[in-house]
Amino acid sequence: MSRGAGTAGYDMSIIFSPQGKLYQVEYAFKAIKTGGLTSIGIRGKDCVVVATQKKIPDKLIDPKSITSLYKLTDYIGCVQTGIVPDSKAQATKAIQEAASFHHKFGYQIPPNALAKRIADIAQLSTQHVSARPLGVSMILIGIDDELGPQLFKVDPAGVYSGYKATGAGEKEQEATNFLEKKFKPNPQLNQDETIQMAISTLQNVLGADLKASDIEIGMCTMENRKFVQLTEAQIDDQLTKLAERD
Amino acid sequence: MSRGAGTAGYDMSIIFSPQGKLYQVEYAFKAIKTGGLTSIGIRGKDCVVVATQKKIPDKLIDPKSITSLYKLTDYIGCVQTGIVPDSKAQATKAIQEAASFHHKFGYQIPPNALAKRIADIAQLSTQHVSARPLGVSMILIGIDDELGPQLFKVDPAGVYSGYKATGAGEKEQEATNFLEKKFKPNPQLNQDETIQMAISTLQNVLGADLKASDIEIGMCTMENRKFVQLTEAQIDDQLTKLAERD
Amino acid sequence: MSRGAGTAGYDMSIIFSPQGKLYQVEYAFKAIKTGGLTSIGIRGKDCVVVATQKKIPDKLIDPKSITSLYKLTDYIGCVQTGIVPDSKAQATKAIQEAASFHHKFGYQIPPNALAKRIADIAQLSTQHVSARPLGVSMILIGIDDELGPQLFKVDPAGVYSGYKATGAGEKEQEATNFLEKKFKPNPQLNQDETIQMAISTLQNVLGADLKASDIEIGMCTMENRKFVQLTEAQIDDQLTKLAERD
Amino acid sequence: MSRGAGTAGYDMSIIFSPQGKLYQVEYAFKAIKTGGLTSIGIRGKDCVVVATQKKIPDKLIDPKSITSLYKLTDYIGCVQTGIVPDSKAQATKAIQEAASFHHKFGYQIPPNALAKRIADIAQLSTQHVSARPLGVSMILIGIDDELGPQLFKVDPAGVYSGYKATGAGEKEQEATNFLEKKFKPNPQLNQDETIQMAISTLQNVLGADLKASDIEIGMCTMENRKFVQLTEAQIDDQLTKLAERD
Amino acid sequence: MSRGAGTAGYDMSIIFSPQGKLYQVEYAFKAIKTGGLTSIGIRGKDCVVVATQKKIPDKLIDPKSITSLYKLTDYIGCVQTGIVPDSKAQATKAIQEAASFHHKFGYQIPPNALAKRIADIAQLSTQHVSARPLGVSMILIGIDDELGPQLFKVDPAGVYSGYKATGAGEKEQEATNFLEKKFKPNPQLNQDETIQMAISTLQNVLGADLKASDIEIGMCTMENRKFVQLTEAQIDDQLTKLAERD
Amino acid sequence: MSRGAGTAGYDMSIIFSPQGKLYQVEYAFKAIKTGGLTSIGIRGKDCVVVATQKKIPDKLIDPKSITSLYKLTDYIGCVQTGIVPDSKAQATKAIQEAASFHHKFGYQIPPNALAKRIADIAQLSTQHVSARPLGVSMILIGIDDELGPQLFKVDPAGVYSGYKATGAGEKEQEATNFLEKKFKPNPQLNQDETIQMAISTLQNVLGADLKASDIEIGMCTMENRKFVQLTEAQIDDQLTKLAERD
Amino acid sequence: MSRGAGTAGYDMSIIFSPQGKLYQVEYAFKAIKTGGLTSIGIRGKDCVVVATQKKIPDKLIDPKSITSLYKLTDYIGCVQTGIVPDSKAQATKAIQEAASFHHKFGYQIPPNALAKRIADIAQLSTQHVSARPLGVSMILIGIDDELGPQLFKVDPAGVYSGYKATGAGEKEQEATNFLEKKFKPNPQLNQDETIQMAISTLQNVLGADLKASDIEIGMCTMENRKFVQLTEAQIDDQLTKLAERD
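These protein sequence lines map, in sequence, to chains A, B, C, D, E, F and G.
Be aware that the first sequence starts at 1, since it is given in the UniProt record's numbering, and climbs by one per residue.
Be aware that the second sequence starts at 1, since it is given in the UniProt record's numbering, and climbs by one per residue.
Be aware that the third sequence starts at 1, since it is given in the UniProt record's numbering, and climbs by one per residue.
Be aware that the fourth sequence starts at 1, since it is given in the UniProt record's numbering, and climbs by one per residue.
Be aware that the fifth sequence starts at 1, since it is given in the UniProt record's numbering, and climbs by one per residue.
Be aware that the sixth sequence starts at 1, since it is given in the UniProt record's numbering, and climbs by one per residue.
Be aware that the seventh sequence starts at 1, since it is given in the UniProt record's numbering, and climbs by one per residue.
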């Protein structure tokens with residue numbers, strides 16, 4: 001490995017390069033890919049879904065303890081892609097922020113407010129010198145009382161945006177390309193279609209058939225509103241339907 | 001990329017170079033252009049308008065979630081050009097400052113007071129070593145009770161000035177040149193003319209026809225006073241009028 | 001010894017390398033191995049066991065004072081592998097956190113909550129510059145009221161995971177390989193089997209017969225729940241049974 | 001551009017060079033000239049005047065929003081020459097200090113007390129490492145109850161002195177030379193003469209005829225005491241008189 | 001003297017080397033030997049003893065003022081080996097911690113609790129950057145109500161262990177070798193034997209006959225419990241017995 | 001200019017060089033001479049006098065605003081030689097310390113107590129890293145209730161001493177040489193003689209006849225006790241007497 | 001002057017060298033000798049004396065204001081040798097600590113407690129990075145209620161020891177050698193003998209006859225207890241007796 005080519009030391013802390021770049025922030029994006037996972041978020045007609053790979057780094061690990069999905073409130077969840085402890089730390093912070101909002105205002109934090117707050121916190125570590133940016137990309141989902149299903153992505157630079165569908169992690173680019181084609185006709189996906197689209201995107205960009213145990217899926221629906229995680233049986237069921245459909 | 005030529009290390013933190021320059025501040029101006037967008041602000045006879053490009057970096061992004069326009073109070077809005085998270089952080093700070101002013105003094109903060117306050121905060125990060133300057137240019141608009149339509153620009157150095165018309169971002173120089181010609185006769189633009197001038201400036205400096213969905217427009221008028229964002233239909237309507245006029 | 005090859009200074013503090021690596025964290029993993037010990041954790045059907053080498057660095061040391069096992073609460077224990085003072089400091093912190101939880105909520109902290117808390121604290125020292133990461137790997141065991149026997153490992157990066165079985169320290173990789181083979185058939189081990197599996201794993205990866213005095217074993221069972229440390233006689237008994245079984 | 005010749009690193013922070021120099025302070029003086037403006041202050045018999053160039057960097061800027069004159073209290077004003085945001089920050093600080101004095105002691109701060117306080121604050125940033133010196137020169141005017149018209153200059157080193165007349169900024173040296181000749185006979189200037197002296201000094205050192213819109217003039221008189229800014233018409237009137245006189 | 005060979009700068013502060021080493025901690029161990037003294041601690045059947053050299057660096061020093069023995073409480077004492085002011089600072093801290101424990105809990109701090117606390121404090125300075133590790137090795141003795149005679153050693157890394165016998169300082173290795181041979185048969189030493197073993201170890205590793213005035217001895221016994229320091233006469237008496245025995 | 005010859009970096013902050021020198025302190029002494037002024041202090045039989053050059057750097061400066069004399073209390077004054085803003089900052093601090101003493105103890109601070117306090121504050125900046133030493137030499141005078149006329153000098157190192165007569169600034173050495181000769185016979189000077197000695201010392205070391213306007217003189221006498229500054233007429237009178245005497 | 005030979009940067013702050021040395025502390029000892037003075041402390045049968053050179057660096061200095069002797073309490077005094085402002089700062093601190101002890105406990109601080117406290121404070125600046133060690137050696141004397149005359153020396157490393165006699169400063173080694181010979185027979189000196197021994201030691205190591213005005217002597221006696229400084233007449237008297245004796 002060699003020094004960041006031509007970065008001339010502007011990459012050793014949070015300062016601007018002569019081109020106006022913040023290298024430590026760019027390296028944090030690289031760090032997301034070191035985790036080796038890819039995640040997908042898709043907004044359907046009346047639901048919103050996150051899916052990610054579940055790769056057990058070690059066969060001895062209790063598969064239940066490996067998850068990239070986090071329930072942030074009863075109604076909002078996310079998939080975290082990147083450095084695992086950073087993922088957990090950011091999710092823990094999000095849970096605290098959401099609880100504090102609830103306590104202060106007496107109602108549940110809306111998904112976009114939570115995404116914005118997490119992005120604001122991430123921005124701070126790109127501006128102040130006391131700590132590095134977090135090497136993690138958050139895809140956050142929830143049902144907004146007025147806007148319906150919501151899907152946000154927050155990155156290490158502190159950017160957050162709403163999405164129809166998005167990817168994160170090692171194959172982010174491939175996932176984006178794949179999803180753009182699928183979403184061109186702007187399909188109004190129902191719940192099964194949304195889940196299956198997430199699964200088929202993962203399979204496509206990874207170039208591999210995935211088993212139910214290789215996938216984690218979280219979902220919020222208009223009827224239920226609560227963030228729920230699909231069971232392995234439910235995922236398997238979707239895999240079967242997907243196979244039958246093709 | 002190479003080290004800032006001949007800067008000899010004076011650009012690694014907030015110190016003066018032997019020529020009295022603050023390089024990190026100059027690099028922050030470069031950072032504004034890395035965003036790749038251009039914004040326009042124009043003051044009319046009885047209105048003031050901000051317009052900017054709406055470039056969806058990713059077709060999957062919910063276009064509603066991409067905006068460079070921020071409502072700071074019911075009566076003041078801005079367009080932020082530059083690093084997106086810095087833009088949001090600065091706008092959030094402006095909202096807080098405006099709310100705090102309202103709470104303290106019992107009336108709405110005037111546009112120039114808010115612009116001055118944001119500039120003061122920006123100046124601090126060019127003087128103290130704890131944080132970098134923000135890589136963002138704010139064009140702020142509002143109606144002053146006494147002075148009528150107001151248009152301000154705040155830059156990373158902490159400068160704020162009032163303008164008849166101005167540009168920011170990648171094509172700032174081109175926009176300025178274009179607008180200077182147009183404003184030489186010191187026209188008293190009505191609302192439609194103001195909006196169309198903003199649109200035509202954007203189209204001119206970008207050398208491209210823009211669709212309603214490629215543009216964001218915010219406006220305050222003497223009658224209404226409130227900061228409103230034009231709908232895509234309203235922008236389309238203006239585009240049609242503009243095409244007919246030419 | 002030479003400088004970290006090609007790390008170009010990115011390993012002198014907590015900053016990202018151009019590849020998104022945090023070298024000081026990677027070096028902390030190396031520090032775990034400098035302790036020269038290997039530890040094993042195994043979850044049985046109705047019990048969970050930690051075992052580690054007891055190597056008296058100096059024949060004059062009171063063997064009772066050398067231990068890698070720590071009782072964190074009456075119901076949770078751990079084996080610490082790595083830099084000894086870091087091990088003690090982290091265990092002391094865990095005891096305080098557990099006591100504080102008990103005081104605040106009125107019931108015992110569950111094993112996973114304690115593991116998560118310790119991991120969160122470890123993550124902080126990979127993000128902030130004021131202190132180095134701890135050079136220690138914690139294997140924590142306990143009985144969860146609902147989930148039964150629990151086995152967690154917390155590493156210097158701040159990762160914590162649940163395990164069926166795991167190793168830590170100098171021969172972590174060898175232990176993992178050995179255990180994976182044994183756990184392939186997903187055995188439901190009873191107490192004796194669990195203990196003996198731990199011992200035989202140690203003996204296998206160290207390529208040496210161990211005496212009862214060379215081993216430390218801690219255990220929680222469904223009946224008793226309390227974290228107990230086996231006496232030398234009990235270990236000897238298990239060694240005999242293990243020898244007879246083979 | 002090259003490194004400060006032979007400064008050997010003593011210019012990278014607030015430390016003494018072997019010759020007892022503080023380079024960062026010297027560079028701050030250079031920074032004053034980067035603003036490209038020249039200012040004049042003149043004390044008359046019963047008035048005191050500041051005048052400066054008004055250069056609109058951009059034809060689109062609202063000329064009203066460009067000013068180097070600041071009203072610090074009803075009775076004290078100043079012209080700030082140098083880095084614009086530093087100018088505004090220092091003026092804002094001066095306003096706060098004056099208000100705090102008024103609040104504490106129940107009477108208006110005298111001009112020299114305010115100049116001394118601003119200089120004391122400037123000195124601090126030449127001694128402590130937390131912030132750079134300000135790149136601005138303040139010329140402050142007011143009527144002292146006992147001493148009559150007062151004119152002070154405060155520089156980045158924290159020096160403040162009273163003057164009969166003085167200049168600041170890009171052509172400070174030329175202005176000083178010009179004024180010294182004019183003040184040799186120690187003239188007792190009346191209001192018109194004072195204003196015209198200020199204007200003719202500016203025109204002389206800039207080698208250019210100035211229009212009323214190119215000049216800003218602030219004044220305090222013995223009769224009125226309040227700090228007032230001349231209107232463009234008033235300046236034009238003085239320009240005419242000056243032309244007639246020559 | 002040359003730079004730490006091949007340490008490549010990892011030894012200039014508290015950071016991990018690529019091998020996971022903490023060089024500043026290793027250098028602190030070197031600092032212990034710069035004191036030029038050797039100390040011994042031995043646990044007998046019903047007593048525990050510390051002995052050390054008393055070397056008066058200067059014949060004019062009041063021999064009474066030179067001591068490496070510290071009474072930490074009425075019941076716990078220690079011998080400090082290494083940098084003298086660090087020794088005193090650590091002993092003073094231990095006295096405060098012991099007093100604070102007594103005040104808080106109403107009974108005397110047990111020897112192991114005090115050793116653990118001192119080790120915890122030492123660990124902190126191996127993790128945080130604000131202060132260097134202490135260059136001192138503490139051998140602490142006392143009688144535990146339940147465990148009888150106790151002997152602990154705390155080192156600069158923050159390790160503390162119980163010992164049957166141990167050495168510290170310049171000839172630590174030689175003392176350890178000597179004591180290991182003597183303690184192989186695991187002798188149950190009475191008070192005289194314990195003291196004489198300590199003296200003979202010192203004489204042996206230093207290769208010199210020591211006079212009573214060259215030795216300091218501290219002791220706790222089961223009958224008396226209090227930490228007492230032997231008088232020169234008592235030491236002389238033991239030297240005589242030792243000579244007679246040989 | 002070149003780097004401090006052979007200082008090898010020991011002069012970049014407050015650390016000891018291998019020879020036990022504090023270079024930044026030595027450079028602060030150099031800084032005193034950059035001011036280009038020389039000051040004299042002389043203790044007479046029943047008075048004590050400070051005299052210094054009054055050099056108006058700029059003919060336009062209000063001569064009244066240029067002074068190196070400071071009244072610290074009604075009864076104590078000083079002449080400050082060196083960096084002007086440092087001089088003012090130190091004098092301001094002295095005024096505050098004297099006022100605080102008066103407030104706390106109910107009587108005026110004695111001259112030696114104030115000199116000691118200022119020296120203590122100066123010493124701090126030679127020991128701690130947060131700020132540089134002040135580049136100023138204070139000569140402080142006053143009448144002590146018991147000791148009569150007092151003359152102290154405080155330097156950047158934090159040394160303060162009482163003097164019969166002393167010099168400071170650019171020609172400190174020459175002034176000292178001159179005064180030593182004059183004071184050899186230990187003359188008991190009356191007020192006129194004291195003032196004239198101060199003036200003739202200045203004239204002698206500067207090799208120039210000084211006019212009354214080139215000199216500042218402050219004085220305390222046994223009769224009056226208050227610190228008073230001589231008027232230009234009074235100085236002129238002394239110059240005449242001095243000329244007549246020679 | 002050259003860089004500390006072979007110190008490789010370990011001498012630029014408070015860190016251990018690979019040999020376990022603290023170079024900044026060693027340089028502080030060098031700083032003591034830069035003062036150019038030598039001091040002596042001698043304990044007699046019923047008195048204890050400090051003596052030092054009184055060298056007036058400048059004939060104009062008020063000899064009364066130059067002293068290395070400090071009364072710390074009515075009953076304890078010291079001679080400070082080394083950097084003068086450090087000497088005063090340390091003595092001031094000692095006075096405060098003694099006063100605080102008296103206030104807290106209601107009786108005078110014993111000499112050894114004060115010496116220990118000053119040493120503890122000195123040790124801190126050898127461990128923490130915020131300030132350099134003090135370049136001063138304190139010889140402290142007093143009468144202990146139980147132990148009689150006491151003589152302590154505290155050095156920059158934070159070591160303090162009791163002495164029968166000792167030296168400090170430029171000729172410390174020579175003084176020690178001289179005193180060792182004199183004290184070999186362990187003489188029980190009366191007051192005159194003690195004072196004369198101190199004087200003759202100074203004269204001997206300096207190779208010069210000293211006049212009464214070249215010497216400062218402080219003393220505590222069993223009868224009087226209070227720390228008193230000898231008058232020049234008293235010193236002269238002793239010089240005469242000494243000359244007669246020889």
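Derived from the structure by calculation, the hints contain no laboratory data.
Watch out, some of these pointers could steer you wrong.
Distance condition first, Cα-Cα at most 16 angstroms in a straight line; then the derived EDC-like pairs of lysine to aspartate or glutamate [unchecked claim]: (1) A/K59 x C/E174; (2) G/K184 x E/D62; (3) C/K211 x C/D236.
Against the structure, the hints:
1. A/K59 x C/E174: 14 angstroms, holds
2. G/K184 x E/D62: Judged against 16 angstroms, a Cα distance of about 13 angstroms means the pair holds.
3. C/K211 x C/D236: 7 angstroms, holds
This entry satisfies every hint, going by the numbered hints stated previously.
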